[in-house]
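J.: Using the sequences and the hints given, assemble the complete structure.
Chain order of the listed sequences is A and B.
Here the first sequence is numbered in my numbering, starting from 1 and rising by one per residue.
Here the second sequence is numbered in my numbering, starting from 112 and rising by one per residue.
Hints are supplied without guarantee of correctness; some may be wrong.
[Claimed, not checked] Straight line, CA to CA, 30 Å or less: simulated DSBU-like cross-link-like pairs of lysine-lysine: (1) K207/B x K133/B; (2) K110/A x K68/A; (3) K37/A x K182/B; (4) K207/B x K57/A; (5) K37/A x K151/B; (6) K37/A x K120/B; (7) K58/A x K42/A; (8) K42/A x K22/A; (9) K155/B x K58/A; (10) K155/B x K42/A; (11) K151/B x K68/A; (12) K68/A x K155/B; (13) K151/B x K22/A; (14) K152/B x K182/B; (15) K42/A x K130/B.
Hints are computed from structural coordinates only; laboratory data are not their basis.
This one's a predicted model, so the numbers in the text were calculated from it and none came from an experiment.
Residues per chain are reported as follows:
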Amino acid sequence: GENVEQHPSTLSVQEGDSAVIKCTYSDSASNYFPWYKQELGKGPQLIIDIRSNVGEKKDQRIAVTLNKTAKHFSLHITETQPEDSAVYFCAADHNNNDMRFGAGTRLTVKP
Amino acid sequence: DTAVSQTPKYLVTQMGNDKSIKCEQNLGHDTMYWYKQDSKKFLKIMFSYNNKELIINETVPNRFSPKSPDKAHLNLHINSLELGDSAVYFCASSQKVANEQFFGPGTRLTVL
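T.: Spelled out as structure tokens, the structure:
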């Protein structure tokens, strides 16, 4: 089955610096790769997603890159702010039945 | 207006009891899910329902049973609760499987 691995598990950066979170997946049939942000006490919320027909997508300070050959995708956050502090999850679709999530990255942005 | 709602938000109960968590979505989505999030924040898919039919059932004990009275609702029933069932349970919905999922606020279950 699909196995999604996510690194690092924790990440601490200074305000204004960039943050990068990386994920790998095992199912070559996966085509949809979303990223979710989970704030304390809340459910995960989609921040950006990418499909396999593109290699990069950007939305203001966040961007996602996808390398289908290597089966990895990354989240890039530039000019980080304290409110970016949260747990971030990558995910990949599996067998057209469900999404498999990575283990999460706890990002802390220090002011 | 809340897109995906869950009740209750908190549930504290004794081992061996039977409990239910309710979920409703008003987005008109075809697919609904239940996830379990443990203390380490790992999100594990438990069930998903597509047009009222169960399409996956991960290695979840049969003490857990999803029930969907209609497309907008997916309730989770848990029998004979165990200590290890303590976690936050999230309901989610999406238009199709490989689409954005909208998560509910979560139900924190504590089994004593």
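J.: Against the 30 Å threshold, does the CA-CA distance of K110/A and K68/A hold or violate the hint?
T.: Given that 30 Å is the threshold and the Cα spacing comes to 33 Å, the pair is violated.
J.: So if I understand the rule, the pair passes when the alpha-carbon distance is 30 Å or less; does K42/A with K22/A pass?
T.: Holds, at about 23 Å.
J.: For K37/A and K151/B, compute the direct alpha-carbon distance and say whether it is at most 30 Å.
T.: At roughly 15 Å apart (the allowed maximum being 30 Å), K151/B and K37/A satisfy the hint.
J.: Quick one, are K155/B and K58/A close enough, alpha carbons at most 30 Å?
T.: Holds - the C-alpha atoms of K58/A and K155/B are around 28 Å apart, at most 30 Å.
J.: Would you check the hint for K58/A and K42/A, treating anything up to 30 Å between C-alpha atoms as holding?
T.: holds, 25 Å
J.: If you draw a straight line from the CA of K151/B to the CA of K68/A, is it 30 Å or shorter?
T.: holds, 29 Å
J.: Run the distance test for K68/A versus K155/B: straight-line Cα separation, threshold 30 Å.
T.: OK: K68/A and K155/B at ~24 Å, within 30 Å.
J.: Straight-line Cα separation of K42/A and K130/B no greater than 30 Å?
T.: holds, 22 Å
J.: Hey, K207/B versus K57/A, does the alpha-carbon distance stay inside 30 Å?
T.: holds, 21 Å
J.: Would the pair K152/B and K182/B pass a check requiring their Cα atoms to be no farther apart than 30 Å?
T.: holds, 28 Å
J.: Are K151/B and K22/A close enough, with their CA atoms no more than 30 Å apart?
T.: holds, 19 Å
J.: Is K155/B close enough to K42/A, meaning Cα to Cα at most 30 Å?
T.: holds, 16 Å
Hint 2 from the list above is the single one not met by this structure.
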